[in-house]
Amino acid sequence: MAIDPRVHLPLKPVDLELLLALAEEERHGYGLVQEISAHTGGLLVLDPGNLYRVIKRLLNDGLIAESGGRPAADADGERRRYYKLTVLGGRVLAAELERLRTLVNAPATRALARRWTT
Amino acid sequence: MDDMSTCPPALFRILRALFPRAFRDAFGEEMEEVFTAQLREATARGVPAVLGLWLRTLTGMSSAAWHERRGSTAPEPRAPSGMRWGVVRHTIRRLAAAPAFTLTAVATMALCMGVNLTIFAAVESILLRPLPFPDSGRLVTIYNTYPRANVMDDGASVANYYERRGRVAAFEALALYKTDAVIVGETGSTEREFVMRVSPEFFSVLGVAPTLGRAFREEDTAPGAGSVVVLTEPYWRQQLSGDRNAVGRTLRVNGTPYVIVGVLPREFAFLSSQARLFLPYVSAAQDRQSVRRHSGSSSQMIARLAGGVSLEEAQSQIDNHNAVFERDNPQRQMIADAGFRSVVVPLHRKYVASIRPVLVLLQAGAIMLLAIGIVNVGNLFLIRAGSRAREFAVRRAIGARGSDIVAAVVGETLLLTVLAAALGVAVAYGGITFLGDLGAARLPLGSRISLNATSIGGAAAVALASGILLGLAVAAWHLRDAAGDALRSGSRAATTGRQAQRTRHAVLVAQIALSFILLAGASLLVGGVRNLMRITPGFRSAQLLTGQVSLPFVRYRTGASVQSFLERLTTAVRATPGISAFGIATNVPLSGNAMKSAAAVVGKPLRRGESPRGVYSYGVAGEYFQAMEIPLIEGRYLTAADAASGARVCVVDEEFARRYWPSGGAIGQRLFPGGTPGAADEAFTVVGVVAAVKQASLAENGRIGAVYYPYSDRFDRAIYLVTRTTLAPDALQADLRRAVRSVDPELPLNNLKSMERRIDDSLVAQRSPAVLASVFSAVALLLTALGTYGVLSYAVSQRRREIGIRIAVGARPAQVQAQFVAVGLRLVAIGLAVGIAGAWASGRVLRAQLPAIPLTPIAALAVAAVVMTLICLAASLLPSRRAAAIVPTEVLARD
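Chains X and E are the protein sequences, given in the same order.
The working numbering applies: residue 18 is where the first sequence begins, and numbers increase by one.
The working numbering applies: residue 1455 is where the second sequence begins, and numbers increase by one.
Hint data in this document are derived by calculation from the structure and do not stem from the laboratory.
Being a predicted model, the structure only gives us computed values, none of them experimental.
Take the hints with a grain of salt, since some may be wrong.
Claimed, not checked - To give an idea of the chain E side of the interface with chain X (calculated C-beta under 7 Å), a few residues:
#1 Arg1478
#2 Phe1481
#3 Met1485
#4 Val1488
#5 Ala1491
#6 Thr1511
#7 Ala1518
#8 Glu1522
#9 Val1879
Positions of the beta carbon are idealized from the N, C-alpha and C atoms, including for glycine.
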């Protein structure tokens, strides 16, 4: 049974960042920290505690899953677990991005943005 | 920082432990991996990045753990790093607004952390830091012990070395060494140098190779072989100006040219050896025979365990090896009766064994001091918390969450402790200098005491952990204090919650108890040292000057040449004004050497299974007894005529006489040096009994016994000169040197010290802990006084209104004052009651380590209790008087 992805909307900013990072490719914990940090220009650097709280919640919601296979390129990370986007996660991410696009593109939003941008 | 990047520090594990178990099971390992990677990256970027990471991790992890435990759905990372600076700035402003509080808290913690860091630096440098050799964990030493003959460590013999090397599979290599002193240089400019004589494998056992030239070879150790020498880097740099072509040059050692064959690496240091030159260990063929395997004593054996071999395995192989060699030993029964065994122990552990208990005790004391400091600062926070309860209550009422308050408080305590830790490092640098002044360099490995990354990392971890702990404790207090309560009870300066007061009092009691334990410990140690100093060494130590010369074999080959030297020396010294008696001995009390050997007494055969006992043996000449002022109990002293005539006579001490002739009559009895009787005409006749002297230390009470033989029968090239002076002994040092030089200009006089100085030096291991413990307890007392003052001042300030009313209705100021003093005294009484059990227990531990400590510590405990009470009384007087001085109209008018 398909769950309506919209029950998960709106996404928290950190969830959005994490799903975006996984949409590109499967990543391990430290890879996620690095990608999110880079993507937000260093504004959001996760500590391990908060990182895994988010991961735990997204796992529970079925938006992400542990990846079975490990990319061969990673030779040293014996114990590293990789995470991937689930089908539901992908749909939720798409729905959230659509919501944001609508929000950003709305004429009222644009007018406001112009007013407050100095 | 290197080791930190490969495995996450303990602090991270602590943080991780804050999370619920299920969470840790699922993600614990991964969290560690992520942090390790973050730390590695931050380390590469530098110190600010590491600090930033820690700050972020501490706040992030603790708040995440908080939310996870409460099962809350609060959004995880809310504040990006830009906002955190606002929190830090706010915290700094808050602390700066209360400078007295901040200064007291930071100074307290800095002092306690500095003390801890100082002691930890010593513990780390001496006990923990590996010896500076590759794979040094595999280095062991093997020594012979004869416990039932009173000889605990007899080193290893030349024969042991030759019978073991290459034949015990557990050892990759083994080597023999001994320390010695030689005279180096050309006529007129000679110096005495400490040297080590080592077997060829010595350097390879340690895993060290010379940077120039070569190490020793087998042929270097043959009797009469070429004279070769290996230099340490400092000697090469200082004496040969770092000449790259030094190999092949010669050096005059004891008057003979020695060829320099090698120079050691700069960092080479063997334990605390002062040797700057290494010579091959030359031995005669007969000394290598197994019949001589028990004549060790002056040499030591080291070995490198083969890969994968355990200590137990090595020990059992040595035991088996010994069993094989003992089978053919004609004296095997006597050796077995003495409890003979060769013990294999790690080189490092054996070398620092004597100092380990003292260091561990000092570290325990320092940790206790830190606990007092943390408790004290905690109390300061609680006192301040009283005034902040309202602020937090208001903040909670308008929607601040528990985690915000935790973050605010923890941030504050963290900032304080981190600041204190930084200052503590500075305190520790001073502390290490102080350890140096106390004589730490004379301890085994004591000269390498220094702060390194491990110690500083440890200090940082302790600072962060105590900051978090303190913060959580204070925050917990705030959170439990429900919002409504605080608003109500804080509405006016009425009495605050009973709960809060009880907490403050309990904290103060804990502090008093801990300080009392420290104080009692310190007074026990001081009492122990005083007891030691009261012990008479058995001679008169004032106005006694002693020094040492080593007669080189090359110029003093025969007994006659030595005898003639001694006669000329005696004449020269006796002609020196200010010297009233002069004697010579092969050893002097408290020299750091305890030469023991057995003596077989005629008519007192060993019982079955009884072992010969080692007794102190001296060879003396001249007026040794008169110079030392060792009292004569019976008979006569040895005289110059005894030596000249070659009479086989000796003097024993009262312990020896009491052991063998308990009912008297020692004079005229006969004995043989060594464990077995010889031919009848070789026996020595006892002509005198003298008082016992303390040889190894003032604390010794082993009733060892001593025999004094004429020097000519107990010949040794290293001799002590003993002079009784009529002036201050140090004033005569130059004169004594001149006298020696007038007889032999090439012979240096070394180890020149007054006997009082020798006694002083022998007490380093007891006095330094006593001094340090006194410093600890002084700091602890100061902190306790501060704590008492703080708690009572706060109580007075909180109850001004009540006091005002009481005075208005007729209470006398004296009554008010007495009431607050009574509060202080009651807390002291409870604290002492709690502390006394701990003090008693610690007294027992101390006594096990330092036997001179009084058996029943009642006096020490009483002194400590009185001091403690007086200090707390003084600290409670000030606030009590302020209470008594309250003017009712002023207080009530302010309402």
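Outcome of the hint check:
1. Arg1478: This hint is violated: Arg1478(E) lies away from chain X, its Cβ roughly 10 Å from the closest one there, beyond 7 Å.
2. Phe1481: Holds, about 4 Å.
3. Met1485: With a closest approach of 4 Å, the Met1485(E) hint holds.
4. Val1488: Holds: closest Cβ of chain X sits about 4 Å from Val1488(E), inside 7 Å.
5. Ala1491: 4 Å, holds
6. Thr1511: 5 Å, holds
7. Ala1518: This interface hint holds because 3 Å falls under the 7 Å limit.
8. Glu1522: Result: holds, 6 Å to nearest chain X Cβ.
9. Val1879: Violated, about 26 Å.
The structure does not agree with the numbered hints 1, 9 stated previously, though it agrees with the rest.
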